[in-house]
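**Q** Given next are the chains, with one letter for each unit.
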Amino acid sequence: MRMIALIIIVLSGGLLLYATQDFPQWADPASPASLHLSPHYIQKSMEETSVPNLVTAVLADYRGFDTMFETTVIFCAGVACFMLLRISRQTPEDRYYRHISTGVTIHIKDGGKIPDKSKEFERIDTMWTPFDLVIKTVCRFLIPFIQLFALYVIAHGHHSPGGGFQGGVILGASIILLAISHNLRTATKRMNEKLIGLLCVTGVFIYAGTGALCLLIGLNFLDYSALASVLFLDPVSARSFGILIVEIGVGIAVMATMIWIYNNVSSAGKYDEGL
Amino acid sequence: MDIVVTALLVIGLVFFTGGGVGILRLPDFYTRLHPAGKLDTLGSLMMMMGVAVFNLHHFTWGALLTSLKIILIVVFIFLSSPTATHSIVDAGVRAGLVPWTKKERRE
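So the protein sequences, as listed, match chains A and B. Quick note on the working numbering: the first sequence kicks off at 1 and runs consecutively. Quick note on the working numbering: the second sequence kicks off at 1 and runs consecutively.
In isolation and in its complexed conformation, chain A is listed as follows (with noise of 0.2 Å):
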């Protein structure tokens, strides 16, 4: 089976740099991307998208095929952490509780009675008991912040370097960071599995949603000046509003997956206690 996957692996290699001969020259003018497709980008691309940044527009407008997939590549990482790392069943185990009030810890063996719906006590991690509250604290104020950091480079991606790639990465580094400085469980009470699951696929699903929504129309796959009759607009600006809602879309995906493979390789796959 080995045998197999290596001669494979070889093969497909041996093709791509086979493949890669035919590609022109390293920074040659002569070749067809440098006489005709980057002089078209730098010159049209504000009149026929009206977005000032050039990389965004070639990112998501006339190579949105390409940044579809990549999106999906980052749904597929995700669903593959999740399937090799996830636990469903679950052993009985020690866990630890503290009374909140007088900081008593108790130690619960192999899945004893559990005071799981009590409010004077809480579940604490077996690595990581003390309270905190200088850390926390910090962190709960700086989180908000991150997280509006974070809409404003998805939503000025147009204008200024940034997007919804990077603009996801950050939206789910402020959960991380909550998951971090609390613990996994408080990270999880407020993004369960679920919903990060129906966020990963969601994001995947605007994204070409809205290529098939073009398509509906009558136009190319991804072609955002079909949303023209949509949104009410000229076909320039639904360009512009077309690529705003793919951002949208991509940085809904990678936060949750950020946030998905976090809590997998944190936990080894239990979901009960991070780092």
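In case anyone wonders, no lab produced these hints; they're calculated from the structure. Cβ coordinates follow ideal geometry from the N, Cα and C atoms, glycine included. Treat each hint with caution, since some may be false.
With beta-carbon atoms standing in for the labels, derived distance ranges [what the hints assert, rightly or not]:
#1 A:Ala155 with B:Arg94: 38 to 44 Å
#2 B:Lys103 with A:Thr102: 35 to 41 Å
#3 A:Met1 with B:Arg32: 47 to 53 Å
#4 B:Arg94 with A:Thr102: 39 to 45 Å
Given chain A, work out where chain B should sit, using these hints.
**A** For chain B alone, coordinates are given in the frame of chain A:
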């Protein structure tokens, strides 16, 4: 204006230099974290303040907004850097690293 900017930058530089020397010369983990956490925060604070003032050289409302953003960076560094140092020290204590004392060295 220029004098203020230069003074702020030089003060920041002094703090950074002190922090760097401290990280290199101090004997153990906790004492090294002390300059790393404190002097870097203060040094970047001074430097950022200098940059913010320099940005107002030609006063426009846009420049004022940029300076306010720079000061916002200072605020966030001021909040997050000591917290990070605190948590690193906390982790060191919990991992069982004993602080350095002079007595131990003589033995």
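**Q** Could you run down the list of hints and mark each one as holding or not?
**A** Tested hints:
1. A:Ala155 with B:Arg94: 38 to 44 Å: The hinted range 38 to 44 Å holds for Ala155 (chain A) and Arg94 (chain B), with Cβ atoms some 41 Å apart.
2. B:Lys103 with A:Thr102: 35 to 41 Å: 37 Å, holds
3. A:Met1 with B:Arg32: 47 to 53 Å: Given range 47 to 53 Å: holds, Cβ gap about 51 Å.
4. B:Arg94 with A:Thr102: 39 to 45 Å: For Thr102 (chain A) against Arg94 (chain B), whose Cβ atoms are near 22 Å apart, the range 39 to 45 Å is violated.
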